[in-house]
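*Asks:* Knowing the structure of chain S, use the given hints to seat chain Z on it.
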Amino acid sequence: MIARMITCMKLVTMLSANRAYQATDLARNHRQVVDAAREGIAVIRDKDGTTLVMTTASHLERAQEIGAAAVALVQVSQVLAEPADRRTTSAYGDFAWLRPLPEDAQRRFLAEMTDRLLVVASGGRLDQLTELVGDWLATAEAWGNPDTREALLANEPAPMRDVEL
Amino acid sequence: MREAPDLMAAVRNRLRERPLDRSDNPRRTHRLRPPLDRKRIGDRLLPQWQYEISAAGRVFYCPDAADWVVWVTRVDLGHPRETG
Chain S
1 MIARMITCMK LVTMLSANRA YQATDLARNH RQVVDAAREG IAVIRDKDGT TLVMTTASHL
61 ERAQEIGAAA VALVQVSQVL AEPADRRTTS AYGDFAWLRP LPEDAQRRFL AEMTDRLLVV
121 ASGGRLDQLT ELVGDWLATA EAWGNPDTRE ALLANEPAPM RDVEL
Chain Z
166 MREAPDLMAA VRNRLRERPL DRSDNPRRTH RLRPPLDRKR IGDRLLPQWQ YEISAAGRVF
226 YCPDAADWVV WVTRVDLGHP RETG
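Here the protein sequences line up with chains S and Z, keeping their order. So the first sequence is numbered by the numbering used here: it starts at 1 and just counts up by one. So the second sequence is numbered by the numbering used here: it starts at 166 and just counts up by one.
Same shape as in the complex, but just chain Z:
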């Protein structure tokens, strides 16, 4: 993603400013469902979300509404495997 600094800057801003906002592109922002819907970070159990950076790129993150922190839990840049 070094080749796409603008894209990464946009992702960074999005996660910082409106990590739960689906309004502009609901097909790219998802709240994960069980069994991946929550993750323990420190002493908190937080919801886990995913943002589609590109057709193949995914950022997973846990917004902590109490502390106003967004924890990035995983970044996948390759194409996801087939699930079917």
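In isolation and in its complexed conformation, chain S is listed as follows:
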């Protein structure tokens, strides 16, 4: 619901900056309408005043993914506002894997992801967000295994300089 609203808000912002076509242009000037859609967005006004939008699938997908990420981060933010003993795993939503991490790490995740989302929403590559999520997921996965966690946290006072793979 919120994701849809955010997606719609982004689209509304774009609508105001684009020329509006009439429904009849789909027949008369279809190439012009399609070209406008390929370049970003084509706004079409139907006879009853309804505003329609034509755009590329990748454009819409990107807006939806940004919206979904924003919603997921709002969920994490709400969870972290609760005392730790009142948090449930399901309340973390898409980022349920975050829960085993220490409190400081969870808050840092939220801060880093929010910054990255703003960069992506302002035109950055979407995979910048995916990359950061992957880094945190790998961290949570390693943290969740006590043996791995212990090994990764331990200091190595004397590296074995003669050993080579």
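Incorrect hints may appear among the rest.
[Unchecked claim] Computed list of chain S residues with no C-beta within reach of chain Z, every gap over 12 angstroms:
#1 H30
#2 G40
#3 T55
#4 R62
[To be verified] Chain Z is faced by these chain S residues, among others (derived, beta-carbon under 8 angstroms):
#5 A105
#6 R108
#7 E131
#8 G134
#9 W136
#10 T139
#11 A142
#12 W143
#13 L152
What the hints contain is simulated information worked out from the structure, not anything from laboratory work. Each residue gets a CB set at the ideal place from its N, CA and C atoms; glycine is no exception.
*Replies:* Relative to chain S, chain Z alone:
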């Protein structure tokens, strides 16, 4: 992993030649985040990375850019535990 010598050779070459390169498969190379993002090895505090060898296999390593050394800090071949 003795059954997969080609795979291990590929991992070895990757860590030797381009330990920080995510370009070919960004979903398999990760820089760990706090509190696992750094590890002290000798007198150096180094960043800690992970490479996914397979669906279940993980290699953890610390690249030392100053000395051109990659320290392998842990190899997990089993399936990671659930974190959720």
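*Asks:* If any of the earlier hints don't hold here, list their numbers in rising order.
*Replies:* none
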